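Student: Note that the protein sequences, when read in sequence, are chains Z, Y, F and C.
So in this note's numbering, the last spot in the first sequence is 420, and the numbers never skip.
So in this note's numbering, the last spot in the second sequence is 420, and the numbers never skip.
So in this note's numbering, the last spot in the third sequence is 509, and the numbers never skip.
So in this note's numbering, the last spot in the fourth sequence is 509, and the numbers never skip.
None of these hints come from the bench; they were simulated from the model.
Every value quoted in this text rests on a predicted model; they were computed, and no experiment measured them.
Where is the CB? At the ideal position from N, CA and C, for every residue including glycine.
Be careful, since some hints might not be right.
Claimed, not checked - Which bits of chain Z does chain F cover? Going by a derived footprint, with three or more residues having C-beta under 8 Å, they are: (1) 93 to 103; (2) 236 to 248; (3) 374 to 386; (4) 389 to 395; (5) 408 to 415.
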Amino acid sequence: MALVISQEHDLLRDAAKGFLAEHAPVSALRTLRDSDDPFGYDPALWQRMTEMGWAGILVPEKYGGLDFGIVGAGLLMEEMGRTLSASPFFSTAIMAATLLKEVGREAQKKRLLPQIAAGKAVVALALDEGRSHDPGGIKLAAKPSGNGFVLNGEKTFVLDGHLADQVIVAARTGGKAGTKSGLSLFLIETDRAGLEFRRRTMVDSRNVADITFAEVKVDGDQLMGKLDEAYEPLEKALDVGRACLSSEMLGTASEAFERTLEYLRERKQFGVPIGSFQVLQHRAAHLFSEIEMLRSVVLKTLLSLQASDASSSFLASLAKAKAAQVVGLATSEAIQMHGGIGMTDEFDIGFFIKRAKVASETYGDYYFHADRFARIKGY
Amino acid sequence: MALVISQEHDLLRDAAKGFLAEHAPVSALRTLRDSDDPFGYDPALWQRMTEMGWAGILVPEKYGGLDFGIVGAGLLMEEMGRTLSASPFFSTAIMAATLLKEVGREAQKKRLLPQIAAGKAVVALALDEGRSHDPGGIKLAAKPSGNGFVLNGEKTFVLDGHLADQVIVAARTGGKAGTKSGLSLFLIETDRAGLEFRRRTMVDSRNVADITFAEVKVDGDQLMGKLDEAYEPLEKALDVGRACLSSEMLGTASEAFERTLEYLRERKQFGVPIGSFQVLQHRAAHLFSEIEMLRSVVLKTLLSLQASDASSSFLASLAKAKAAQVVGLATSEAIQMHGGIGMTDEFDIGFFIKRAKVASETYGDYYFHADRFARIKGY
Amino acid sequence: MEHLETFTEETRAWLEENCPAGMRRPMRREEDAVWGGRNYKFHGEDQRLWLERMAGRGWTVPTWAKEYGGGGLTPEEAKILKRELKRIGARPALVSFGIWMLGPALLKYGSETHKKEHLPRIARGEIRWCQGYSEPNAGSDLASLQTKAEDKGDHFLINGQKVWTSYADKSDWIFCLVRTDPKAPKHEGISFLLFDMASKGVSTKPIRLISGSSPFCETFFDDVKVPKENLVGELNKGWAIAKYLLTHEREMIGASGIERLPGSDLGATAAEVIGTKSGTLRNHLLRADIVRHEMDWAAFLLTLERARDEAKAGAGTGAVSSMLKYIGTELNKERAELLMAINGLQGLLWENEEDPEPPLSRQWLRSKGNSIEGGTSEIQLDIIAKRVLRLPQGN
Amino acid sequence: MEHLETFTEETRAWLEENCPAGMRRPMRREEDAVWGGRNYKFHGEDQRLWLERMAGRGWTVPTWAKEYGGGGLTPEEAKILKRELKRIGARPALVSFGIWMLGPALLKYGSETHKKEHLPRIARGEIRWCQGYSEPNAGSDLASLQTKAEDKGDHFLINGQKVWTSYADKSDWIFCLVRTDPKAPKHEGISFLLFDMASKGVSTKPIRLISGSSPFCETFFDDVKVPKENLVGELNKGWAIAKYLLTHEREMIGASGIERLPGSDLGATAAEVIGTKSGTLRNHLLRADIVRHEMDWAAFLLTLERARDEAKAGAGTGAVSSMLKYIGTELNKERAELLMAINGLQGLLWENEEDPEPPLSRQWLRSKGNSIEGGTSEIQLDIIAKRVLRLPQGN
């Protein structure tokens with residue numbers, strides 16, 4: 042498994058780059074934000090992405106998808122990270138598609154995967170319940186009732202939650218909060234009685250919702266996978282998501298860095314381009330090295346997940362932790378090196394630091410993944 | 042309590058500076074090292090220091106000392122940190138004198154404090170038993186026997202241990218290893234039967250010894266302070282020692298920095314002084330700021346200990362942790378900025394990084410004190 | 115000493131009597147700060163009363179002379195007043211660039227007429243001032259400013275543009291650096307002018323920051339007439355005043371960073387939000403970064419204290435302010451990052467109806483400007499290298 | 115593919131038969147490395163046998179052509195050989211600057227005569243080479259070298275001094291940069307010469323390092339006569355060869371840092387020395403620094419891997435070597451610091467009779483040179499900024 046991008050993937054990347062530059066540049070996110078859009082993404086744009094096959098990139102061919110694999114999905118995320126393009130791609134085409142593939146019942150797959158591939162359904166994952174990522178700490182209770190279950194509890198910061206057609210809900214059917222066993226997944230339509238959605242406005246102008254479950258009744262066949270045994274497949278799917286987020290953050294870091302380099306070459310102060318100052322040169326060179334390291338890690342992680350390697354989970358944590366460090370540094374340095382103009386909303390660089398921070402926090406921050414990395418390594 | 046050095050202390054510092062430049066410059070340490078000296082310090086120099094009153098700087102006047110206080114002792118350590126002067130000043134005039142004052146029996150004080158003040162006795166503290174500092178973890182057992190005790194166990198890295206006339210031994214008379222209660226201190230002559238000393242050569246060319254205790258019998262009146270209650274006075278004395286070591290490290294950092302600045306101004310490369318490179322300027326300016334922060338912390342800690350403030354222990358840990366960071370940075374940058382010549386033994390800067398590392402490790406490294414700082418603060 | 119004890123008692127009694135209850139609560143919102151000025155609307159009667167009473171005693175500027183609207187207090191008395199105010203948790207009666215910046219400059223460089231005219235109105239919060247320093251394309255190279263003031267006999271004619279003017283849209287007067295000799299070397303043709311923002315030809319445009327707030331403006335001067343007597347100090351010698359003020363500003367930014375962010379003790383904040391186990395924070399890796407930061411923070415506070423004490427003892431240099439500005443702002447940014455880490459996704463909310471304070475995300479974004487405004491960190495390090503460490507100039 | 119399988123089997127069988135047991139243990143002491151050369155004393159018969167056998171097959175330099183003493187292997191075969199050697203934990207049969215540095219340079223720039231004369235003797239470990247690059251007062255400004263070579267008809271006359279010559283006191287020949295045109299711009303008057311260290315007028319003086327070891331020398335040339343045919347490449351064009359070698363050296367230093375320090379996994383080392391509780395290291399704060407480092411280390415290893423794979427795929431640039439050298443050496447220093455923290459006072463021993471390995475303190479001190487030798491970290495960052503990022507030159 043050579044650590045290089047294949048030609049096939051290079052083509053995908055080029056196509057994505059061209060498409061996003063034309064249809065979803067950073068200015069599109071600005072427009073979306075300033076128009077107080079109820080969706081937080083542009084449905085027409087999402088349809089165009091779907092026509093490119095992106096919505097079905099992880100969906101098997103027999104369900105109408107491209108089945109292009111995780112490396113391809115990661116590359117798309119990287120390019121979206123460069124243009125900060127908002128869409129349900131991550132929540133639906135990556136997270137929901139992966140979970141459905143892994144643990145969906147055949148009926149669920151048959152019904153929902155073609156819809157996902159066709160860009161006709163937005164499916165959100167309702168996972169965490171507090172301010173930080175903690176898959177083991179789930180408390181939302183699903184109690185057996187008749188041939189189904191009744192759900193009570195709360196979910197927070199659910200990506201694309203307020204506009205989803207369906208939610209995949211991680212619930213506790215056994216064990217205590219804080220333990221890994223006793224978790225189960227349910228697939229639920231968002232118009233079911235007892236569900237209450239509350240949209241929250243996040244710093245990156247994307248969509249999340251807090252969801253309240255009050256006596257929500259679901260049928261037995263809404264269960265995904267085995268009862269009480271959702272933790273492992275959930276972690277697997279989360280690792281795919283973490284790798285893809287890392288790839289997005291790599292794109293964001295690279296783009297912020299390249300914009301900064303351009304500024305360093307052009308902006309003059311004290312009569313010379315500021316990029317000729319040795320201090321800024323060294324900091325840029327250091328940042329370049331960090332981004333290159335992240336690039337190696339992300340590529341390795343995507344390749345490893347695609348090959349279903351045993352080391353994938355340790356790599357996913359490495360990628361997510363390293364991505365948080367690097368994109369944090371890249372976007373902070375971008376603002377500092379741009380000086381005052383970097384602090385203005387009129388200038389685009391602020392969008393990068395905002396999205397970078399949310400992506401860093403999503404599905405585990407630096408500390409979460411550094412801890413997981415060390416635990417996997419036995420210390 | 043203003044954070045400034047008083048005039049009286051300024052005079053002391055000036056006197057010390059002059060004395061050490063003349064009698065104990067860095068070259069004296071080199072000579073000592075290269076001559077494979079059995080003591081690891083120069084007894085004649087120690088006599089001269091004694092004549093200046095330094096050996097008795099913490100000894101009360103009624104026992105023949107100057108009773109000049111902890112701030113003065115710290116300033117002397119700072120100056121010794123600049124010249125890397127080796128002597129039993131720290132082990133004997135600071136640690137042993139402080140412990141004797143705090144918990145010595147009147148007979149012990151009467152006998153030993155005047156000897157210390159006169160430079161006639163070297164007294165070592167035998168405390169730790171492993172590779173790291175851990176006052177609570179003491180295992181060396183002192184069991185009651187007749188009207189005294191029998192000691193069995195081992196001590197490691199005892200400062201000035203191999204040449205001491207007396208050792209103050211921290212032993213367990215109750216409680217379990219890892220607990221704070223059940224510790225006691227004994228004052229023991231080093232020629233007592235059952236004691237075995239083994240000199241170890243450390244990277245800074247100072248003296249330490251590992252000591253084995255095999256059925257060492259001591260009388261009841263060799264106990265210092267109260268049985269089982271040594272932990273608290275020991276910590277107090279250690280805090281004095283930690284503050285003084287921090288002050289020494291401040292001196293070492295300052296001197297290494299000043300030598301580096303001199304080199305930056307003089308050394309030319311690519312046709313200009315290397316100190317004109319902005320990268321080195323910024324790193325020097327950052328290091329300057331760090332040293333100034335350490336200077337504030339050390340001064341505050343010494344003043345606070347002198348005033349017996351309740352906040353002294355948190356400050357001592359702050360000082361020791363910060364000193365380790367700063368002197369580590371200062372000496373590493375010194376080598377890097379000196380380039381190849383900094384790596385040669387012929388050049389003096391290597392002595393600074395060696396002593397800095399040992400001082401950083403003595404009586405608790407960065408991690409030990411950062412942890413203690415946070416615990417005192419409640420997290 | 116007896117006098118100081120009496121002063122303490124009297125101050126305590128007066129404050130007890132006169133500081134309204136509403137003014138004894140921590141400031142949480144932007145409108146809790148009283149900036150004063152011609153068009154200022156108080157947020158509640160307590161604010162008005164408190165300013166009126168404090169200004170009445172000259173205690174908005176306790177150490178200024180009474181003839182300039184001050185309290186005429188000695189440094190010892192002022193220290194006691196400060197302590198007593200802190201003791202009851204009193205809010206400042208007035209926050210003002212006039213007090214922090216222009217006042218000290220006028221006291222040092224202004225004519226008696228200037229002092230009499232402007233200082234009392236600053237002290238009473240009648241005139242709100244802004245600062246016209248930065249210009250577009252100047253950035254860190256402040257002295258390259260281009261706004262010109264032409265000598266027209268009895269007045270100067272001002273044309274040009276300033277940027278990063280704090281609250282220019284809410285201010286009554288501006289103290290402003292202008293170029294009065296375009297042919298002189300860049301530091302030698304600059305003058306320091308005061309003028310009314312209501313003058314014909316002055317316009318402002320707020321700049322929206324990434325944090326969503328707009329504390330700064332672009333300010334435009336189009337044939338603005340300024341009477342000659344509004345010149346402070348000598349013609350073409352304004353750079354000296356500017357430098358004096360910049361040093362002053364650096365110290366203020368370094369020091370004020372301390373109270374800028376919530377959670378005065380990050381460890382305690384983290385312990386509350388995340389929880390502890392056996393006396394240590396549950397998130398061990400985050401704890402490592404918090405303790406490192408908290409130790410630096412403590413060292414910084416002690417360095418501020420030492421700098422003040424040394425200044426009192428007659429030491430103190432302008433370059434120390436560069437160090438304090440550099441450390442203080444870098445630490446403030448780090449602090450914001452750690453607060454974000456402590457608060458997780460909750461800290462990333464852009465709006466938060468449940469909390470009266472501005473969302474943490476905005477404070478975090480705002481903190482990024484700390485190391486840019488008032489001279490970037492890079493400029494501060496340059497200054498330390500050159501003025502304190504005497505390292506040779508590059509080519 | 116069938117051929118490679120056969121090759122694997124044969125190689126495995128041959129190694130099993132021919133690699134002495136003593137050569138299958140990890141290297142721990144300096145004398146475990148076989149440097150060869152005229153005066154080399156083997157430390158045990160196993161070393162001699164292993165070199166003889168490997169050199170006999172040309173496998174000390176497996177990809178060099180057979181006529182130059184190499185094994186004539188394809189890259190795929192060489193990779194298999196490497197893997198098989200690693201599999202049995204075999205020590206290198208020969209470590210040599212001739213193999214790592216001079217060899218590649220001669221293959222690229224040497225005449226056929228040079229290759230035939232020198233390469234086979236390098237491959238067999240008969241001649242030990244050292245590198246004459248650095249000079250006193252040159253430091254990072256390598257091209258300012260002053261050692262001069264005067265044209266005396268049939269020979270050059272060399273006068274000058276080199277410094278940081280690795281093992282000059284133990285070497286037989288030197289490859290050396292000399293100034294052949296003192297009037298030309300500094301990069302254009304340099305030539306690349308080979309000569310015998312036994313020549314009249316050559317003397318060496320070991321430099322003692324702060325770690326106590328003396329791997330480098332000062333080397334003096336006093337009227338040394340060098341035959342003209344010992345010039346490699348064109349006269350005055352030696353800088354190109356030097357740059358080629360420097361790039362090569364950077365890659366080597368960056369990559370070799372990996373095996374330089376004990377404790378391939380810091381976390382495991384720490385767990386063993388300090389102990390764990392509920393699966394995490396007992397020293398939580400140290401753990402935070404270890405995991406941060408270990409993640410960077412893993413990222414660095416993956417970047418090395420990617421650089422190699424990209425080079426194979428035909429990408430790869432010289433400037434990447436600067437990045438690898440920079441990161442690799444900085445991380446190696448950090449690793450040494452963490453090893454010291456793990457080992458406490460024990461790591462600070464200068465002598466340790468109980469342990470056959472050199473004390474950790476010396477390895478830590480030695481590591482400080484990593485970011486200086488082979489081009490400082492500052493030089494590497496300059497190179498990245500200029501050659502990769504295309505940032506403008508300063509004045």
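Student: Hint by hint, say whether it matches the structure.
Tutor: Do the hints match the structure? See the list:
For the segment 93 to 103 of chain Z, the stated coverage by chain F is not satisfied: 0 residues place a CB nearer than 8 Å to a CB of that chain, which falls below the threshold of 3. Requiring three or more residues with a Cβ within less than 8 Å of a Cβ of chain F, the coverage given for the segment 236 to 248 of chain Z holds, as 6 such residues are present. Here the segment 374 to 386 of chain Z counts 8 residues with a CB under 8 Å from a CB of chain F, which clears the bar of 3, and the coverage holds. Coverage of the segment 389 to 395 of chain Z by chain F holds. Counting CB-CB distances below 8 Å, 3 residues qualify, and the rule asks for three or more.
With a cut-off of 8 Å between beta carbons, the segment 408 to 415 of chain Z has 3 residues touching chain F; three or more are needed, and the interface restraint holds.
Comparing the model with each earlier hint shows a violation of hint 1 alone; every other hint is respected.
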